[in-house]
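From first to last, the protein sequence lines stand for chains A and B.
Per our numbering, the first sequence starts with residue 1, numbered consecutively.
Per our numbering, the second sequence starts with residue 220, numbered consecutively.
Simulated from the structure, these hints should not be mistaken for laboratory data.
Some hints here could point you the wrong way.
[Said to hold, decoys possible] Simulated pairs of lysine to any residue, SDA-like, Cα-Cα distance not exceeding 25 Å:
no., chain 1, residue 1, chain 2, residue 2
1, A, Lys39, B, Gly555
2, A, Lys39, B, Ala553
3, B, Lys527, A, Leu174
[Said to hold, decoys possible] Some chain A residues well away from chain B (every beta-carbon gap over 10 Å; in silico):
no., residue
4, Ala43
5, Gly78
6, Ile131
7, Val138
8, Met141
9, Thr208
10, Ile219
Since this is a predicted model, take the numbers as computed values, not measurements.
Idealized CB from N, CA, C, for every residue including glycine.
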Amino acid sequence: MNYAEFLIWVRGDAFHWSLAIFIFGVTLRLLEIILIGRKANLAEKRGSGVAGGIRTIFTRFMPNQAVLPRVMHTLVAGYVFHIGFFIVLLFFAPHVALFEAAFGFGWPALPNGVIDFATIMAILGLIAVLINRLRNPVQRMLTGFGDWVAWFVTLLPLVTGFMAFHHLVEPYPLMLALHILSVELLLIVFPFTKLMHTFTLFLARYYTGENAGHRGVEI
Amino acid sequence: MSQKTIGASLRSQGISRRGFLKFCAATASMLALPPAVIPQIAHALENAKRQSVIWLSFQECTGCTESLTRSHAPTLENLVFDLLSLDYHHTLQAASGDAAEHARELAMEANKGEYLLIVDGSIPTANKGYSTIAGISNIDMFHEVAKDAKAIVAVGTCAAYGGLPKAEPNPTGAVSVEDLITDKPVINVPGCPPIPMVITGIVAHFLTFNTLPELDSLKRPLSFYGQNIHDRCYRRPFYERAQFAETFDDEGAKKGWCLYKLGCKGPTTYNACATAKWNEGVSFPIEAGHGCIGCSEPDFWDAGSFYKALSVPLSGTAQAAGYAVAAGAAMGVAAGAMNMAKRNSARKTHETVSIDDLEREQS
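Isolated chain B (complex conformation) (with noise of 0.2 Å):
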């Protein structure tokens, strides 16, 4: 816990002011702001205390965590350690046992009302002992360590939505943060992983305006996730002209077409891959040639086959079909026996009328 201003601490380590004014001008641009607010950002970093940070993880795979630390130095994505001080990671810490839980339990109590959570994986619901920290159960500690919390930052798709754990049939019951609270600002990153330069650009916004940037109706920061991929996908122009890859090793794949009908979730996705990229801006995988499989959304898991297009329904639907095709031919063949019982049985009791009755009944 760093009680140094983070212009002292990146003074300290050798960091240049136009070093500095560069990161404030990429955060800036990341995060949609205009030019003008660079000095503010600059103003806000140097005179802000590190953030405290405590970071949880429940039901998750670590790649949240090895997608924010897998980056080369020096990048954005190192600064972040500059601006924060990171108290409690269990991947991370050096700590480990009784001196980790001590190092949180510090935090907590120093910062109280002021530290950041930070959540990546899920929270288990239906039995407590499915995962544990130190003894703790994921929610005890979940409840413990976000009650004085300033906001809440979900990262990773399972701490925001559920993500796999949450997947059909859900066994352990997973739910997500926003699940579990609601008196305070929550914040969604989601992606499988999520893109490590939101974390910093999110960190980044919270320290200078002292609040949360502008969200959607799915608690994402827009700066990152208001962009569609399909909108921004280099491969638009061949959808447009109905030009597909059919299979991953045809003509059209070899020729970079789109891959709309090999399952790609393109078209429902919002996120930065398009444009941000991934590996220092390398490329993103539908660059690689894979679709992208929709995994900073709700339920991606639960929404059909990866390798199947958008608009095929979730699961086949002969059955559905066979079932109806019996009950309609077990209908209508019913309805047309009866419809020849009225018949037959008008026939029977139809009486003959000659010229002479009706002529009778007339006068």
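The following block holds chain A by itself, in its conformation from the complex (with noise of 0.2 Å):
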């Protein structure tokens, strides 16, 4: 298989079958989640738990000031990966003209050179949350498997997408290929790891601020 072959591969059945699997899963998995229910809330109602939902989905975006310092590495290093990671997928030319093609509709992409920066501190956040969850003795106990494969494949695809745009591998249709493979695993993967927490945070914290404002409580 040449190159050439190999990218029409990735670009083709590859990207099939990755997509359906990662649909496939999410959908799997939420609806087991959503499905299992909860028991009825027999506490006297002291305030309104949809608004506590609702209003604990965005206070939770910052952590409580008591504990604000001791998270201070994660929060920034998380955010920096974030923020970078989303502007890369969300703003770069060629990501823009795909979801135009899914969605039928698109926006307007940044300059190269923003995607460039965003790149580099989305890698400097994920290399600096590792090092955040080798050194503290909890987060590494409580690291499992599936999480420092999860950690890898989001990683792979800005590395190699940055490898392809700089082309720093040549031929660069075999760099563009193992880019787009990059992203086909972590579509794989992304439904049975912590990677469904994209998904999975909002109904979370949608559950405990409900939980909470039933009770008259504000968090």
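Since each chain comes alone in its own frame, lean on the hints to assemble the complex.
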């Protein structure tokens, strides 16, 4: 298989399969979680559960003032990674073209210089959270095999994309194919690791906030 | 079949020494060779016999021959006919029928092991009758001529990689020259059609050094196919600034912005179009306002729509996504039902334990 055939495969069959696995897995896991249901809250109603749930979805974007100093490292590195990652994912011109083809509408892309900077920031952010995880004994203990995999498959598309863009490996179509393949790996792994937090974090925050709101507690 | 040297042949046509040296210098520069080798090229070409060439056309559209001949005299492309003794080429030769085939056989006999075989078009393997010349199937004629050739040049994407005939579902079982030859040097000059000066350059290199030029992983001469179209594109600054033409007649298109979103395959294409250009250096497709279609890359017909961006998957993903949602939902509901059954049975078998029971157990 030469690089041109490889590129056709990753843009064709491989993409279809990995996207199908991603959608299948996400649908399955979300339904599984939602259908478990929750026991009726028997506590006396002292406030609005719905308002509490929605509020908590947003308030949890910043940690509690009391614990802030202890989680500063995770907070900063985490935000640097996530913001960088979303800028690259959503505003690099070829990515916008992909979303436009998929959804039927697009949005303006950012200049490549900005994307380049965001890529580097995202990679540095990922490395910083890894260092934190390795140094903190509690986090290290809580980290399973799937979590290391999740970190790695998130890093891979950033690194391969950077390498493809800068032609660090020739020929370019080979590096582009490896980049797309790394994204496909991410799609396949996504539903079966904690990368599911992309969707579940909103459910979890709402549930916690709803529970507290019902009891008249603001969190 | 001329026995005259190239030098003598050129002089007899009134081409000056100065003109000849200019040709050698141009050849050296397009092959990316240092100026020091110009005398070497001149010496080699002057004393070389005109290279015997047999040109076989199989499943092709003659576009490659058109490309080679469509040039205004006097150009480098015209000189190719002074470097070569084109002994067989069924579009260009005057002879036809038996006389034409006889010329091919004579050339093969007289230059056994020394002639250059140029092929354009892919070779059908599904049925020998799909394409024949003088009653001889393409594959038989190819093997017959290739046997005693010194080297083989596959001109055009069809000969180099199968091209259009090989596109899905490949009804004729078309294959490339490379697919059939393992024991001889093969050089690919892909393009639909290729740039004419590439052929001139390769032949000059072959006559000068008696070897084929340095090739890339797809057996293309690096001096012509070493550059990425996107890297050499004059519209590249607009790509960097994320300024794109969204349609072929919008403001962006009029301002000459990047054609990536209109499906330009420049980023994955290696060819000399952006630098050597076409029609005596007038322009190239992107300069004319159309994206690169990637014609010098293998299987470019199967690499998705010419008008869809490179980052877009090859075909619609809606169906795959639809099936995946359905399958995920079905399994999710099934898992939910199983969990519910488990919970209900757990509730049913639940036994109430009182403090007294626990205390009894402890004692």
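Consistency of the hints with the structure:
Among the hinted pairs, Lys39 (chain A) with Gly555 (chain B) is consistent with the structure: their alpha-carbon atoms are about 15 Å apart, no more than 25 Å. Of the supplied pair hints, the one linking Lys39 (chain A) and Ala553 (chain B) holds, its CA atoms being roughly 20 Å apart against a limit of 25 Å. A hinted pair counts as satisfied when its Cα atoms are at most 25 Å apart, and Lys527 (chain B) with Leu174 (chain A) qualifies at roughly 20 Å. Residue-level check passed: Ala43 (chain A) sits 21 Å from the nearest beta carbon of chain B, beyond 10 Å.
At roughly 27 Å from the closest C-beta of chain B, the C-beta of Gly78 (chain A) stays outside 10 Å, upholding its exclusion from the interface. With a least beta-carbon separation of about 33 Å from chain B, Ile131 (chain A) lies farther than 10 Å from that chain, consistent with its non-interface assignment. For Val138 (chain A), the condition that its CB be more than 10 Å from all CB atoms of chain B holds, with the nearest at approximately 31 Å. Non-interface status of Met141 (chain A) relative to chain B is upheld: no Cβ of that chain comes within 10 Å, the nearest being about 29 Å off.
The non-interface label for Thr208 (chain A) is consistent with chain B: the shortest C-beta to C-beta separation is roughly 21 Å, beyond 10 Å. For Ile219 (chain A), the requirement that its beta carbon stay farther than 10 Å from each beta carbon of chain B is met, with the minimum near 28 Å.
Checked against the numbered hints listed earlier, the structure breaks none of them; every hint is satisfied.
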